[in-house]
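Spelled out, the chains give:
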Amino acid sequence: MTYIAKPKLHHPKLPTNALGFTRRDYEGAISTLCAGCGHDSISAAIIQACFELDLPPHRIAKLSGIGCSSKTPTYFLGNSHGFNSVHGRMPSVLTGANLANRDLIYLGVSGDGDSASIGLGQFAHVMRRGVNMTYIVENNGVYGLTKGQFSATSDKGSKSKRGAINADEAIDLAALAMQLGATYVARSFSGDKTQLVPLIKGALLHTGAALLDVISPCVAFNNHAGSTKSYDYVREHNDAVNFLDVITMHKEITADYSPGELQEIRQHDGSILRLRKLHEGYDASDRIAAMNFLQESRAKGEIATGLLYVDDEPNDLHAASNTVTVPLNVLDTADLVPGSAALAKINAALR
Amino acid sequence: MTYIAKPKLHHPKLPTNALGFTRRDYEGAISTLCAGCGHDSISAAIIQACFELDLPPHRIAKLSGIGCSSKTPTYFLGNSHGFNSVHGRMPSVLTGANLANRDLIYLGVSGDGDSASIGLGQFAHVMRRGVNMTYIVENNGVYGLTKGQFSATSDKGSKSKRGAINADEAIDLAALAMQLGATYVARSFSGDKTQLVPLIKGALLHTGAALLDVISPCVAFNNHAGSTKSYDYVREHNDAVNFLDVITMHKEITADYSPGELQEIRQHDGSILRLRKLHEGYDASDRIAAMNFLQESRAKGEIATGLLYVDDEPNDLHAASNTVTVPLNVLDTADLVPGSAALAKINAALR
Amino acid sequence: MKRIEAVNDFVIKFANVNGSGSASANTLFAKSILRMGVPVSPRNIFPSNIQGLPTWYEVRVTADSYLARRGGCDFMVAMNPQTWAADVAEIEPGGYLFYDSTRPMPASKFREDIHVTGMPLTEIVNTHYTDARQRQLFKNIIYVGALSALLEVDPEVIKQLIAEQYKGKEQLLPPNYEALALGRDYALAHLKCPVGLTVKAADSVGERIFAEGNNAAALGAIYGGATVCAWYPITPSSSLAEAFIKHCKKFRTDADGKAKYAIVQAEDELASIGMVIGAAWNGARAFTATSGPGVSLMQEFLGLAYFAEIPAVLFDVQRAGPSTGMPTRTQQSDVLSCAYASHGDTKHVLLFPDDPHECFQFGADAFDLADRLQTPVFVMLDLDIGMNERLCKPFTWDDNRELDRGKVMTAEMLDAAKEFGRYLDVDGDGIPYRTYPGTHPTKGSYFTRGTSRDRYAKYTEDGAAYTDNMQRLLRKFETAKDLVPKPLTRTAQHNTRFGVLYYGSTSPAMDEALDQLAASGLHVDAMRIRAFPFCHEIAEFISAHEDVFIVEQNRDAQLRTLVINELAVDPAKLTPVLHYDGTPITARFIAGEIAQNLKALNVTPIRVVAGNN
Amino acid sequence: MKRIEAVNDFVIKFANVNGSGSASANTLFAKSILRMGVPVSPRNIFPSNIQGLPTWYEVRVTADSYLARRGGCDFMVAMNPQTWAADVAEIEPGGYLFYDSTRPMPASKFREDIHVTGMPLTEIVNTHYTDARQRQLFKNIIYVGALSALLEVDPEVIKQLIAEQYKGKEQLLPPNYEALALGRDYALAHLKCPVGLTVKAADSVGERIFAEGNNAAALGAIYGGATVCAWYPITPSSSLAEAFIKHCKKFRTDADGKAKYAIVQAEDELASIGMVIGAAWNGARAFTATSGPGVSLMQEFLGLAYFAEIPAVLFDVQRAGPSTGMPTRTQQSDVLSCAYASHGDTKHVLLFPDDPHECFQFGADAFDLADRLQTPVFVMLDLDIGMNERLCKPFTWDDNRELDRGKVMTAEMLDAAKEFGRYLDVDGDGIPYRTYPGTHPTKGSYFTRGTSRDRYAKYTEDGAAYTDNMQRLLRKFETAKDLVPKPLTRTAQHNTRFGVLYYGSTSPAMDEALDQLAASGLHVDAMRIRAFPFCHEIAEFISAHEDVFIVEQNRDAQLRTLVINELAVDPAKLTPVLHYDGTPITARFIAGEIAQNLKALNVTPIRVVAGNN
Ligand SMILES: Cc1ncc(C[n+]2csc(CCOP(=O)(O)OP(=O)(O)O)c2C)c(N)n1
Ligand SMILES: Cc1ncc(C[n+]2csc(CCOP(=O)(O)OP(=O)(O)O)c2C)c(N)n1
Ligand code: SF4
Ligand code: SF4
Ligand SMILES: [Mg+2]
Ligand SMILES: [Mg+2]
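Going down the list, the protein sequences come from chains A, B, C and D. Quick note on numbering: the numbering used here labels position 232 of the first sequence as 232, and the sequence is numbered without any gaps. So the number in the numbering used here is just where the residue sits in the second sequence, counting from 1, plus 351. So the number in the numbering used here is just where the residue sits in the third sequence, counting from 1, plus 702. So the number in the numbering used here is just where the residue sits in the fourth sequence, counting from 1, plus 1315.
For reference, chain A alone in the conformation it holds in the complex (with noise of 0.2 Å):
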């Protein structure tokens, strides 16, 4: 069932990408978010990752929970198929979907209470087992939709838009999805696309189970002073570790740095991720070191960003399924059904 996507006319003026797509293609229905909220940013990073990637839109499976960062999947990538889920459920059905068809990229879209609240279960069932997919996280430690609740991932001791403080401790998905297996963990911040869109491309080229973290400040009820997750304290506190750059195969490599302050991954589709370390000595292949790292500078108060760990050699739950390369839901009647001949036997056994 693999499409090769046949390019279309377009208005010259236009930048296409290798299929011959405008960045038009990949975009979707015309936003319904509050003016300034970040997810529509984050949506804008997927179109620009996707198109720069040179991906057949049609070719990406989007899924999402329940919540205004879940409703983004209708803001990008039209052509695709979609499934808004129900509540803190995305993982599981994006798992479903990924064992029915292996050649699909699956791209699901949660929110910090979608993910860390009701879905925390699924959320770390799907990272232990490896599947296949670009998990983006928009991260605003509030329930946007039902009007800013604080959620899991708010910090304890920050302040509500109404006043209240919050009690409990915050989750950190990043460091549990390192925790629980994840081969490619990276956090990053709406507001800085240039180091959210190579982290998005990365981790769509990534074989494993990739984790981004994006903080995603809600406007509406998390942008207040004394609020963790507002633009200015993100932007006072962020700590990036590294910056990727993303090097597919057709690219050839040119730019050149003195070694020390570069890292260089190269993953099983081939592409290279370079990493120019901004933090001396970070080694984003060290998975201890890296979990190491992410407690010590949150107890330091720092949002590290960057791509904090990934495993160049990922495996996927296909690969422990042992499934045959072919997507299970093209096999046909005489793939699948064994026939009278076999139900003769079987009989004959029962007697």
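Quick caveat, the hints were computed from the structure, so don't treat them as lab data. Do not rely on the hints blindly, as some may be mistaken.
Claimed, not checked - Covered stretches of chain A (in silico footprint by chain D; criterion: 3 or more residues with CB under 8 Å from a CB of chain D, positions within the stretch not fixed):
hint	stretch
1	53-67
2	77-87
3	187-194
Unchecked claim - Just the calculated beta-carbon pair ranges, DEER-fashion:
hint	chain 1	residue 1	chain 2	residue 2	range
4	C	871	B	636	45 to 53 Å
5	C	1301	D	1773	32 to 40 Å
6	A	344	B	588	48 to 56 Å
7	A	344	B	380	50 to 58 Å
8	C	957	B	600	26 to 34 Å
9	A	301	B	636	15 to 23 Å
Treat the numbers as computed from the prediction; the structure is a model and nothing was measured. By construction, the Cβ of each residue, glycine as well, lies at the ideal position given by its N, Cα and C atoms.
Using the hints provided, position chains B, C and D with the ligands relative to the given structure of chain A.
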């Protein structure tokens, strides 16, 4: 409603504790678990710990989910109320119970399937909220009651009795609890009563969220070669970081050690946790270091046991909720009902 | 051209953009009419979105206190270009359109048969204000000012309300007064005032109050002695839990600032009901508030609460299902999933309040019922009564009333008793005695489980013990029939063989429909069901009539299913009248459906007063 | 003293301790009788525990192929001291008791009216074996040997079966043969052989097979083309998923060892149904297997699947509820929670297989139905048919049969079509067309949601669009009535105004009860319902009779609720016959209940053959 337990008359020979109770008074119905099941040893350790701490049995509430492990509360503390709830949801039931009466001691008993598979979400959130409880996971890496399927704590690569190999990352509940804000985190082994009993005592005296991850072999389905939760395997890989000695107020402190190898932590109730270090420089009060240590020892294939982390200034959910000191379940009409005069004011404001 | 003329009896609708701050101005308008002694019934029609999408505020001005949604619109305040066409189309012929005429509109955009009043609102605010937010906010106050002139709403009353609103922030009064005057003066100067629709001071409101059902139910929980609340946000129930927080701060904070309550925003609905069950098991009064999706997630726990006999109170503020459905639309479609919640054989107690007054009353009673019956009790609200301000009888409370904790054995009772069996039916009413954990050192402790056990709470897989217990639970449900609120009957002026059953938020529409039917000579006896299980009065009402209509706001006639199943009524006798598009049911719809059915049965109308139609 | 005498028609029961390895010896015994051409129907009665608690294995030897549980016991093999008293008490007067006489028992422990055979089993094993485990295991084989002598079961057949069992491990044969001989020889030498109950070789089994419903259903899923299975262990459904794993390894592994399937043991039931929905949405055939508690947890997702129109297959192997209830006991008590699963207005398709043969057939058909109807389909098993070996017709398959994927548009179809609307009712049957993700670069993509949307899958909160969609779903459910398996009727030999409805595992007990009733001159027409929604034939059957009984294995007459609600039947016409103590229903119970009712209606028996009672 606080009730002072009346000492009972007993066979003179049976040793009694400060309340005049014998160990018998802390026992329950006869176990229906398999002969040799690790869970029964844990029940015995709980009985021992409660007896030694002179706890009035009826002031303890036992809560559990579903599973062989969750059945055990029937087999200890026969004079306590117990609640065998539904699979994986004990943490929420315990949280509610705790809110209703802050004066009882809450003992949650669960299994690895109950807590790490279906119950992971509730496990995580009860830790975040710092519910004052002792939460014991009887961890055998399988679903015993449903006949031996892998649970989420069984290690990647470990072999089931039927020969299947586990492909998913194992969840380390102790590491998770630490990351999520539990203030007393220990790991032990059902086969090591001398280590286990003091750890349970320390947890019962701890006034915050205490987790005990107790490896407890399933002789019926997970005690074979190739299992990483068998008696043999655990004995071989057990790596105790320290040995705990719990000194309650009324016991005066005797034994003396050379400073270096000792760590003493005074808990809220005045009791002292005396830790004899078995690991050079292991500091049970340093959360980040402890988390890092856990990751490293796990990478080495070792099972770190002992009191892994303790916070001597724990905060609990009641503190966060600023609730009255008297249990909510004793407040009566006079305490709770504003009456008709107040209602008249409200009506007036609604015109 | 026709011109709708009415005093104190019309529908005015505000078409706005979500998040534009119009809500408070619109409420101000509605409340000012109320203060003039004229009943109003406002309704918010809002999207599942935070900002930028269309939202409407519909105010029915109703001298006769018909509080249901009337349908149609006499005066449209069209502030939202996105919905202009639909809004203009909705106006009744001879009705009125008020709009922002700053940008000229082509004639094609209007209608021949309506009266159009344009006012350059944007221009006015732009000339008077520089700050964008101010322009936004005061534009709303300005149109309220204009409306006061067009509809003869007393400006002094409006100012009074503004003053009350900004008590403590008096510096905000002058600018608001100015904006109000700005609008009013402009209207008086440039627009034809009044139009055919006017408000005339009256005395038709009386002692009634103007409240939201969610707020009232939360207050009921306070009076019912609830101390533990565990909830998870979900529209349209969130404001119930949030109101409880507010009331607790006010009424439940002791001298030294400590809380005589505990409220947890749980991680999801499984956790919230779990916490409620744990707290209730441990002797505190506990509740949760949720909506359909939450009820679905709670099913397993509800089966446990039924079988383990845990008192637990749930407020289900219903919205349009199934699945996510329409979160901001109203329905009565959780009836079955609540009544028979969970796998296995279960039956649950449901209460159906019809307005904020009953939300308060049932909100309090639910806790006594739950303790008395040791089982979950559902208070079934819906978005229409939960989230709209509704005129209703004031809240009342008897100061001699004590919390009824039901059958609980204390240490003293245990010492006195010869035996204790948690599931012993001592009194023959199916309700056993329970103890709170920690009551007595050696007596009365027991083990609670969702698995089968004997009368002494001992685990058993014995079939006889299981059956014995399941039958006792049925006896208990029988007992419940006499404890739940009785139905209320409204008998027609003429003997009739027709009856109608209805419940919950359908109430005002039903009352109005009965008047309309009576006016057209069609007489129907009505009974409002207020609880499940159904008491004998309901069975008697049905057997006393040949044909009974049953009016519901769901597709599958869910209450009808309960009625035929539990009361063994022949379905042929019960004609469903179903409205389920998510908007509140109207008298027009009910009367229309019933009239049509009666026509089919060719019933000859009996006029009460000659020519009164 | 009376002595029960019977050939090929008796009930023998083994009382053992859970985990003592008796299971395989007992099955060996039952199968050996089957191999002699004599029908047997065995049942396991086991505790929710792994080791040490009582367990029973009941074998009904039945020349007439009455496969239901008969009730009572003619021959008791009492191997469990814990349950001695109850086991001895259960023996029919004139029946037989076989026990381990190693330790002498006081006479008081026996009964006057039964025939006692003691054999020093422990002593025998202790003298012959040293290893504890061997003593344990061979004791079981030894009593089988003894029984072969006491009941005249052909030892050669037993040896043949042992040989088949240990194919490949031939070294195990001699010791087993010895143990068998040891028991048999001892019995022949010291015990009175045979007793009054004997097995005589016959030819009454025919081509029938001996299978477990769970295994058959899993095989059905293989033939139905299921490629994705997501499950969570729960008794009594686990063995269904585990059988699917086994079958997949055998039938679904391609040349180079790759899996043409994916099976995930999920973290819970919410995840398993979520995975099934995701896979089905993406074009794979997917299913889950669960039991009551799982169904409760899946409610929200089931509402999504109904509203979003996702094909999904669920095998619900029912156990005794509510809550944890009795996990190892059988019931039919999830009918309502499946039929109307989730909040909001929903209706789901249910299939009711009555034996392993139908478990296979419906297990395969369910996938075609789900794809055809684009909605969840439940296959309702229960512990009785799921986990017991049952004699049934062999499995059959038509090699010309193709998987029916329903209305799916390919890229070619999309290019050809003039428009695509995911929820457009093009054919008037309520079933729209769908596309699989990734089908076409620019056509046919759509957004799936649980929220309201229009015919083109565009999000909307418009009431008319919502209603339009909800009504189409009802049309689709109408269509389902003609696609699901038709009911089967058994007409009485005499015209009768009485009918009986039943379903699922009640089938064998019903057949036998009908014979018993007929024999006593009571004639009742019977219809076995095999699916929900109900087709017109069921309505016609009911209207063709004055009184209709409806036999169920639950407390609340759940199927009856569906019948009166969906077919608008007067409840007065449907008399429930309910058995719900967790044991499988018996013919004695059904016939007794019906006879009693008919007596009450004083029906005069019409003997078919004079004196045949
Ligand atoms: C089962 C269920 N419970 C509650 C809700 C109500 N609800 C909708 S969105 C939401 C929270 C969304 O928060 P988040 O995931 O952080 O998304 P955001 O709106 O902040 O982007 C909730 C509680 C629901 N839709 N379903
Ligand atoms: C909702 C639900 N799903 C599944 C089950 C079946 N079940 C009972 S116990 C259990 C697993 C228990 O495993 P664990 O918690 O590790 O306890 P163990 O028996 O190993 O001590 C399962 C899946 C259930 N009771 N409820
Ligand atoms: S409420 Fe917050 S999260 Fe939702 S759209 Fe508005 S800004 Fe974004
Ligand atoms: S099955 Fe395993 S866990 Fe359960 S009782 Fe037996 S040994 Fe213990
Ligand atoms: Mg959020
Ligand atoms: Mg376990």
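Taking the hints in turn, this is what the structure says about them:
| no. | hint | verdict |
| --- | --- | --- |
| 1 | 53-67 | holds (count 6) |
| 2 | 77-87 | holds (count 9) |
| 3 | 187-194 | violated (count 0) |
| 4 | C:871 to B:636: 45 to 53 Å | holds (49 Å) |
| 5 | C:1301 to D:1773: 32 to 40 Å | holds (39 Å) |
| 6 | A:344 to B:588: 48 to 56 Å | holds (51 Å) |
| 7 | A:344 to B:380: 50 to 58 Å | holds (52 Å) |
| 8 | C:957 to B:600: 26 to 34 Å | holds (31 Å) |
| 9 | A:301 to B:636: 15 to 23 Å | holds (21 Å) |
The structure is inconsistent with hint 3 alone, although it conforms to all the rest.
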